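Asker: Residue numbers (my numbering), protein chains in the order written: chain A, 1 to 381; chain B, 1001 to 1121.
Think of the hints as simulated: they come from the structure by calculation, not from any bench.
Small disclaimer: the values here were computed from a predicted structure and weren't measured.
Think of the CB as a built atom: it goes at the ideal place given N, C-alpha and C, for glycine as much as any other residue.
Where hints are given, some of them may not hold.
A few chain A residues that face chain B, going by a derived Cβ cut-off under 7 Å, partial list only [stated by the list, open to error]:
# : residue
1 : Gly45
2 : Val46
3 : Gly232
4 : Arg307
5 : Ala308
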Amino acid sequence: MPDPASIPPAPDRLARTPLHALHIDLGARMVPFAGYELPVQYPSGVLKEHLHTRTQAGLFDVSHMGQVELHGPDAAAALETLVPVDVLGLPAGRQRYAFFTNEAGGIEDDLMIFNAGSHLHLVVNAACKVADIALLGREIGGRCEIRVREDLALLALQGPGAEAALAPLAEDPLPASFMHGARVRLAGSDCLVTRSGYTGEDGFEISVPAVDAERLARALLAQPGVAPIGLGARDSLRLEAGLCLYGHDLDPTTTPAQAALTWAIQKVRRTGGARPGGFPGAARILAELDDPASVARRRVGLRPEGRAPIREGVEITDQDGRPVGRVTSGGFAPSVNGPIMMAYVEHAYASPGTSLAALLRGTPTPVRVVALPFVPHSYRR
Amino acid sequence: MITRYTEDHEWIRLEGDVATVGITHFAQDKLGDLVYVEQPRVGRKLAAREDAAVIESVKAAAEVKSPVAGEVVETNPAVVDDPSLVNSDPEGAGWFFKLRVDNPADVAALMDEAAYKASAV
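Start from the sequences, fold in the hints, and give me the full structure.
Answerer: Below is the structure:
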């Protein structure tokens, strides 16, 4: 029996976001997620919410995610010691995807970094935020000031109708293209708006003072074509877009090359670049970039024959039944109108077109490796 | 004709010695949008509470069990073609399969509507 003192206590009460009362008003079905009580769906259901986001505009409450600011002239250089990403070269008003790595070259969390000019604004995963904030404090707390912004909520407005819905509330210009951001007054609140998201659609993430969040959310929901969207559709939207969910498609044992995220590591941090390495696990991560054949497994997209969804944890085999990988995310894709999966498979089986099998309820079901994403991105470039 | 319910949220409607089986409104609401249905083979003999059909919603996989022992005599192709029928009309057009029951008294012994409604909260 493990020492009881080593077992973290179960949270006896789930945290709530500033939009909790709004979710209840809207008839949401609330579920526990990363220590928060969050809407998994509203009365229209996951399928309709998903398709609504792809055709109009969906409003998501992502206030459970961590928002952290790094202040001080050394903040960008300090952060570069924790992520294999070009932070010093990130211009003001621009955002970049990044991940915290460990000494083994694995991924501890993935995050977004925005250069707000006077400071860096980070958005990290809810389930990792306590560890991330501890890491920042321990490793670079002496080089910059770390401000955890628990006073901010985070909304995402996603879909082809997002700009038309947001523009009437904006008193300042909205960021004009993907991964750009700006301070914008929205319905009277001072917000940080970035043109980004987790659905593959054009859209915005809006960092808003928590006290103003419900008022802004209601103003957005009053715009034509905007509907509230829960975590269920958020998951199917991001899976169709081929985007990783930390704790499922990424974990401390997956390296950037295995996860097919090498595009996020700019040349300047690679072998031969101006600032090569200098982040945890650099030796392994850069070696895998230099020699792709050394990467043991790779994240791929899979499509099965037939219509039965195949879910996380299902074993993937070659056509002779030898195990070659495992599904890390899988389900029914409403916009594809069929089942899709992301999986890690051995390097030799990772090329699109490769025929494999998934053990579905004990029966080998043919699956095929396909290119990601399953649904093309519609970012505003 | 009698209709009975199980604690696994199936309904079963007996006419003569043939019974129609489906899932309740409560069950479809809990599962969310259905996206896949796999029916048992016609002619298959099922024991009471044996897994018969496989259903998948956007959220989860589940089974429809046979409430009583019997032989599958017909399955509903409409719910395979359009699983959303189970959500929109679970106790009508969204039925799953018909059984020739081994013993009609087994059906009568299950929960009636009042008992089911009292249990499914």
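Asker: Does each hint fit the structure? Answer for all of them.
Answerer: Hint check:
1. Gly45: holds, 5 Å
2. Val46: At 4 Å from the nearest chain B Cβ, Val46 of chain A passes the 7 Å test, so the hint holds.
3. Gly232: holds, 6 Å
4. Arg307: holds, 5 Å
5. Ala308: With a minimum Cβ separation of about 5 Å from chain B (threshold 7 Å), the hint on Ala308 of chain A holds.
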